[in-house]
Amino acid sequence: MSERLAVRKTYKLFIGGAFPRSESGRSYAVTDAKGRFVANASQASRKDARDAVTAARKAFPGWSGRTAYNRGQILYRVAEMLEGRRDQFADEVRRAGASKSGAAAEVDAAIDRWVWYAGWADKLPAVAGASNPVSGPFFNFSTPEPAGVVAVIAPDSPLLGLVSVVAPVIVSGNTCVVVASEPAPLPSITLAEVLATSDLPGGVVNVLTGRRDEIAPWLASHMDVNGIDLTGSAGGDVPGLEDKAAGNLKRVLRPRPGFGAWTDDPGTARMTAFLETKTVWHPVGV
Amino acid sequence: MVSGSRAFEYAPAPESRAVVDIRASYGLFVNGEFVDGHGEPFKSINPADETVLADIACADATDVDRAVAAARTAFDTVWGPMPGRERAKYLYRIARIIQERSRELAVLESIDNGKPIRESRDVDVPLVAAWFFYYAGWADKLPYAGFGPDPRPVGVAAQVIPWNFPLLMLAWKIAPALACGNTVVLKPAETTPLTALLFADICRQAELPPGVVNIITGAGETGRALVAHGGVDKVAFTGSTEVGRQIARVLAGTGTKLTLELGGKAANIVYADAALDQAVEGIVNGIFFNQGHVCCAGSRLLVQESVAEEVLERLKTRMATLRVGDPLDKNTDVGAINSAEQLAKIRELSAAGEAEGATAWSPPCELPAQGFWFAPTVFTGVAQSHRIAREEIFGPVLSVLTFRTPDEAVTKANNTPYGLSAGVWTEKGSQILWTAQRLRAGVVWANTFNKFDPASPFGGYKESGFGREGGRHGLEGYLDV
Numbered sequence: 001m002s003e004r005l006a007v008r009k010t011y012k013l014f015i016g017g018a019f020p021r022s023e024s025g026r027s028y029a030v031t032d033a034k035g036r037f038v039a040n041a042s043q044a045s046r047k048d049a050r051d052a053v054t055a056a057r058k059a060f061p062g063w064s065g066r067t068a069y070n071r072g073q074i075l076y077r078v079a080e081m082l083e084g085r086r087d088q089f090a091d092e093v094r095r096a097g098a099s100k101s102g103a104a105a106e107v108d109a110a111i112d113r114w115v116w117y118a119g120w121a122d123k124l125p126a127v128a129g130a131s132n133p134v135s136g137p138f139f140n141f142s143t144p145e146p147a148g149v150v151a152v153i154a155p156d157s158p159l160l161g162l163v164s165v166v167a168p169v170i171v172s173g174n175t176c177v178v179v180a181s182e183p184a185p186l187p188s189i190t191l192a193e194v195l196a197t198s199d200l201p202g203g204v205v206n207v208l209t210g211r212r213d214e215i216a217p218w219l220a221s222h223m224d225v226n227g228i229d230l231t232g233s234a235g236g237d238v239p240g241l242e243d244k245a246a247g248n249l250k251r252v253l254r255p256r257p258g259f260g261a262w263t264d265d266p267g268t269a270r271m272t273a274f275l276e277t278k279t280v281w282h283p284v285g286v
Numbered sequence: 001m002v003s004g005s006r007a008f009e010y011a012p013a014p015e016s017r018a019v020v021d022i023r024a025s026y027g028l029f030v031n032g033e034f035v036d037g038h039g040e041p042f043k044s045i046n047p048a049d050e051t052v053l054a055d056i057a058c059a060d061a062t063d064v065d066r067a068v069a070a071a072r073t074a075f076d077t078v079w080g081p082m083p084g085r086e087r088a089k090y091l092y093r094i095a096r097i098i099q100e101r102s103r104e105l106a107v108l109e110s111i112d113n114g115k116p117i118r119e120s121r122d123v124d125v126p127l128v129a130a131w132f133f134y135y136a137g138w139a140d141k142l143p144y145a146g147f148g149p150d151p152r153p154v155g156v157a158a159q160v161i162p163w164n165f166p167l168l169m170l171a172w173k174i175a176p177a178l179a180c181g182n183t184v185v186l187k188p189a190e191t192t193p194l195t196a197l198l199f200a201d202i203c204r205q206a207e208l209p210p211g212v213v214n215i216i217t218g219a220g221e222t223g224r225a226l227v228a229h230g231g232v233d234k235v236a237f238t239g240s241t242e243v244g245r246q247i248a249r250v251l252a253g254t255g256t257k258l259t260l261e262l263g264g265k266a267a268n269i270v271y272a273d274a275a276l277d278q279a280v281e282g283i284v285n286g287i288f289f290n291q292g293h294v295c296c297a298g299s300r301l302l303v304q305e306s307v308a309e310e311v312l313e314r315l316k317t318r319m320a321t322l323r324v325g326d327p328l329d330k331n332t333d334v335g336a337i338n339s340a341e342q343l344a345k346i347r348e349l350s351a352a353g354e355a356e357g358a359t360a361w362s363p364p365c366e367l368p369a370q371g372f373w374f375a376p377t378v379f380t381g382v383a384q385s386h387r388i389a390r391e392e393i394f395g396p397v398l399s400v401l402t403f404r405t406p407d408e409a410v411t412k413a414n415n416t417p418y419g420l421s422a423g424v425w426t427e428k429g430s431q432i433l434w435t436a437q438r439l440r441a442g443v444v445w446a447n448t449f450n451k452f453d454p455a456s457p458f459g460g461y462k463e464s465g466f467g468r469e470g471g472r473h474g475l476e477g478y479l480d481v
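Chain order of the listed sequences is S and R. Going by the UniProt record's numbering, the first sequence runs without a break in its numbering and finishes at 286. Going by the UniProt record's numbering, the second sequence runs without a break in its numbering and finishes at 481.
Think of the hints as simulated: they come from the structure by calculation, not from any bench. Among these hints, one or two may not hold up.
Heads up, simulated BS3-like pairs for lysine-lysine below, C-alpha to C-alpha not over 25 Å straight-line [what the hints assert, rightly or not]: (1) S/K100 x S/K123; (2) S/K58 x R/K412; (3) R/K330 x R/K316; (4) S/K123 x R/K141; (5) R/K345 x R/K316; (6) R/K412 x R/K316.
Looking from chain R toward chain S, a few residues come up when the C-beta cut is under 8 Å (computed) [said to hold, decoys possible]: (7) G32; (8) F34; (9) K141; (10) P143; (11) V243; (12) K412; (13) K428; (14) W434; (15) V443; (16) V444; (17) A446; (18) K451; (19) P457; (20) F458; (21) Y461.
What follows is a list of derived Cβ distance ranges for each label pair [said to hold, decoys possible]: (22) S/Y69 x R/E242: 18 to 24 Å; (23) R/E309 x S/E214: 52 to 58 Å; (24) R/P149 x S/L5: 42 to 48 Å; (25) S/E214 x R/S240: 30 to 36 Å; (26) S/A126 x R/A340: 30 to 36 Å; (27) S/A261 x R/E242: 54 to 60 Å; (28) R/E309 x S/S131: 35 to 41 Å; (29) R/D201 x S/P133: 37 to 43 Å; (30) R/L433 x S/R36: 54 to 60 Å; (31) S/G65 x R/S385: 24 to 30 Å; (32) S/M223 x R/V19: 48 to 54 Å.
Glycine included, C-beta positions come from ideal geometry on N, C-alpha and C.
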């Protein structure tokens with residue numbers, strides 16, 4: 001009896017709720033910390049990035065129109081699904097270079113991060129909104145609203161970092177196109193499998209794997225993208241990406257040295273970076 | 001039929017100019033003193049009669065250096081370390097002096113800008129005082145503003161403001177910046193520097209420490225030197241989307257904090273069940289307030305098809321009663337266009353409207369022979385693709401489009417790269433909220449228009465810029481958060 005041969009997973013992209021290969025037909029080899037081959041990841045193209053933006057735009061009205069309670073439940077559901085696949089994620093994070101205990105801790109922290117952000121869905125408007133005491137017979141209130149489609153250049157922390165940049169963007173109703181860690185992209189696609197089974201509507205999160213410096217400029221200059229998180233961009237690429245983002249005045253979250261470790265208290269800044277404040281006036285009278 | 005006739009005749013009621021004392025020339029206000037500029041001086045003129053008001057110094061790169069250095073020193077040694085409660089008292093002082101000198105400020109603003117005295121007196125200047133009074137109160141309450149227990153100022157703020165609300169835009173910029181502990185270098189627009197220079201005198205009367213507020217004058221070159229200056233920690237700009245884009249590009253990769261309040265092409269939606277007379281007042285206020293030199297002007301009227309004819313008829317009747325003329329006449333509704341350059345732009349876009357097939361209408365009105373004037377104008381037969389429906393005209397020109405269903409109204413309203421403001425007129429509360437939720441705009445006026453308040457956040461979505469001015473939200477752009 002020979003040993004059973006493992007059935008390997010094909011890692012593809014995640015666009016509009018489906019798992020297509022890159023339209024370019026390209027892939028790149030992902031290796032573990034010791035340089036051993038792990039899998040071929042899809043190498044997304046400019047066309048894939050555009051398709052992902054189209055999917056994100058299409059999903060925006062529905063997702064932003066959900067009640068905050070519903071979005072919170074779906075994000076919590078993501079945590080539940082992730083919890084059930086802890087071993088699988090721990091394996092993948094290990095292969096990306098973490099120690100056994102480090103990988104387990106990262107998975108735990110990533111699950112807890114979804115729970116933290118899930119609870120924000122119906123509290124953010126209370127913290128970031130206001131009723132404003134204007135000087136006149138008017139009722140005036142401000143509510144936070146999602147900015148729209150957000151491009152996210154994810155950091156190399158393959159799971160906790162990824163979750164920490166995606167969850168704050170979508171919890172308020174934005175939809176996003178994520179460019180995963182280039183050296184450690186595999187957990188992002190496995191996370192996409194979790195998202196696809198958590199009642200998250202297709203297109204709310206779209207995941208591209210490939211070369212950051214190839215894909216990011218197209219997202220930064222895309223006229224139907226409203227914001228961009230440059231957290232995972234190399235410092236030298238930031239000025240060029242910001243320059244492109246100025247074309248349609250995207251909201252830009254710049255990488256900051258002060259961001260600290262992914263295990264730190266996340267605060268609210270990643271959520272508020274992609275919010276608009278809408279203020280409504282109405283006269284008071286009889 | 002009232003159209004074309006006048007229900008009332010008015011005798012001229014000019015506000016006295018005696019209250020203002022315009023000097024022959026003005027320097028730059030740097031480190032608490034008026035100093036000479038090293039650029040080529042320019043003239044500020046009265047747009048209502050084209051007379052020269054004063055020679056204005058122009059700041060070159062060395063003057064910008066000097067102003068930024070003065071602001072840095074004041075930040076490091078005086079204003080940054082000062083307890084919030086002391087900063088607050090300076091701002092309250094400034095608010096009080098603005099109230100005390102309100103008539104002088106209003107008259108000077110109308111002379112330099114061309115806006116009716118009724119508006120500078122009743123809208124601009126009271127809001128300026130209110131803005132300082134409001135943000136004064138935040139100066140010692142910042143730990144409670146929701147930005148952490150000890151939010152720090154950013155440092156030196158470079159602020160570039162437009163000519164449509166010269167003093168009010170100064171207040172929107174300087175009041176929150178100072179309240180948060182920043183020092184500023186502000187550049188007013190080259191056509192309207194006089195009230196900013198009078199404000200410098202108010203700072204001296206308030207004994208504000210030298211260097212906390214620096215005011216430098218000049219045109220685009222001065223503005224570019226200021227926003228690109230390496231010693232600046234924060235840039236705040238109000239003006240055109242095109243210039244805003246350029247500034248965002250200049251600051252790419254620098255880490256300099258940036259807020260932008262840019263152009264707009266606001267939809268003003270009138271549903272069939274609206275109170276039509278009130279809606280017509282709102283339409284008029286929306287587009288003819290301040291000669292339409294308003295980034296949030298309701299320049300696209302979207303009227304439900306079933307009432308379109310009636311609304312247009314009432315609108316034309318109302319437009320025929322607008323009094324266009326001397327900005328200092330207390331009866332004037334629509335004043336002068338701010339500059340020859342702006343007038344040329346309005347004329348160019350209006351001509352494009354007619355060339356593209358829309359129909360222009362203006363009430364019979366006699367325009368003064370001297371100065372820059374444009375009659376209130378409404379365009380019908382406008383398609384969404386027309387330039388007058390897409391580009392910001394920044395003048396008293398209204399484009400009228402129609403819709404049948406609420407969905408169509410929202411789709412048309414959002415069909416623009418801008419997203420600064422919008423209006424909704426209906427007597428049905430649920431329809432107001434339904435519409436307001438779907439409009440991609442930072443300010444939605446329901447059954448009202450063009451209302452402003454220091455407690456109310458203001459700012460745009462999309463290409464209308466980012467950041468908010470006013471309210472608690474207005475602090476964020478001036479805190480290191």
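Each hint, compared with the structure:
Distance hint between S/K100 and S/K123 is unfulfilled; the C-alpha atoms sit about 36 Å from each other, more than 25 Å. Restraint check: the Cα-Cα separation between S/K58 and R/K412 comes to about 18 Å, which is no more than 25 Å; the hinted pair holds. Under the criterion of a C-alpha separation no larger than 25 Å, the hint pairing R/K330 with R/K316 is consistent with the structure, at around 23 Å. A C-alpha spacing of about 23 Å is found between S/K123 and R/K141, which places the hinted pair at or below 25 Å, so the restraint holds.
A threshold of 25 Å between alpha carbons decides the hint, and for R/K345 with R/K316 the separation of about 24 Å falls inside it, so the pair holds. The hinted pair formed by R/K412 and R/K316 meets the criterion: a straight-line CA distance of about 23 Å does not exceed 25 Å. Taken as an interface hint, R/G32 does not check out: its beta carbon lies about 32 Å from the nearest beta carbon of chain S, beyond 8 Å. Contact between R/F34 and chain S, as hinted, is not supported at the beta carbon level, the nearest pair being about 34 Å apart and thus beyond 8 Å.
Interface restraint check: R/K141 against chain S, minimum CB-CB distance 15 Å, threshold 8 Å, status violated. A hinted interface residue such as R/P143 counts as satisfied when its beta carbon comes closer than 8 Å to some beta carbon of chain S; here the least separation is about 16 Å, so the hint is violated. With a least beta-carbon distance of about 12 Å to chain S, the hint placing R/V243 at the interface is violated under the 8 Å criterion. Because the smallest distance between the Cβ of R/K412 and any Cβ of chain S comes to about 16 Å, over 8 Å, the interface hint for this residue is violated.
A distance limit of 8 Å between C-beta atoms decides the matter here; for R/K428 the minimum to chain S is near 12 Å, and the interface restraint is violated. The beta carbon of R/W434 comes no nearer than 11 Å to any beta carbon in chain S, farther than 8 Å, and the hint placing it at the interface is violated. Here the hint on R/V443 is kept, as its CB sits about 5 Å from the closest CB of chain S, short of 8 Å. About 5 Å separates the beta-carbon of R/V444 from the nearest beta-carbon of chain S, less than 8 Å, and the hint is met.
At a threshold of 8 Å, the smallest CB-CB gap from R/A446 to chain S is about 4 Å, leaving the interface hint in force. Look at R/K451: its Cβ gets to within about 5 Å of chain S, closer than 8 Å, so that hint holds up. Interface restraint check: R/P457 against chain S, minimum CB-CB distance 5 Å, threshold 8 Å, status holds. The interface hint given for R/F458 holds, since its Cβ lies 7 Å from the closest Cβ of chain S, which is under the 8 Å cut-off.
The closest approach between the C-beta of R/Y461 and any C-beta of chain S is roughly 5 Å, which is under the 8 Å cut-off, so the hint is satisfied. About 42 Å separates the C-beta atoms of S/Y69 and R/E242, a value inconsistent with the hinted range of 18 to 24 Å. For R/E309 and S/E214, the Cβ-Cβ distance of about 56 Å falls inside the hinted range of 52 to 58 Å, so the restraint holds. The hint said 42 to 48 Å for the Cβ distance between R/P149 and S/L5, and at roughly 59 Å that hint is violated.
Distance hint check: the CB atoms of S/E214 and R/S240 are about 34 Å apart, consistent with the given range 30 to 36 Å. The beta-carbon spacing between S/A126 and R/A340, approximately 51 Å, falls outside the hinted interval of 30 to 36 Å. Range check, S/A261 to R/E242: about 41 Å between beta-carbon atoms, so the 54 to 60 Å window is missed. About 39 Å separates the C-beta atoms of R/E309 and S/S131, a value consistent with the hinted range of 35 to 41 Å.
Between R/D201 and S/P133 the beta carbons are some 32 Å apart, a value that contradicts the proposed interval 37 to 43 Å. Judged by the Cβ atoms, the range 54 to 60 Å given for R/L433 and S/R36 holds: they are separated by roughly 58 Å. The given range of 24 to 30 Å is respected by S/G65 and R/S385, whose C-beta atoms sit roughly 28 Å from each other. A beta carbon spacing of about 50 Å between S/M223 and R/V19 agrees with the range 48 to 54 Å that was offered as a hint.
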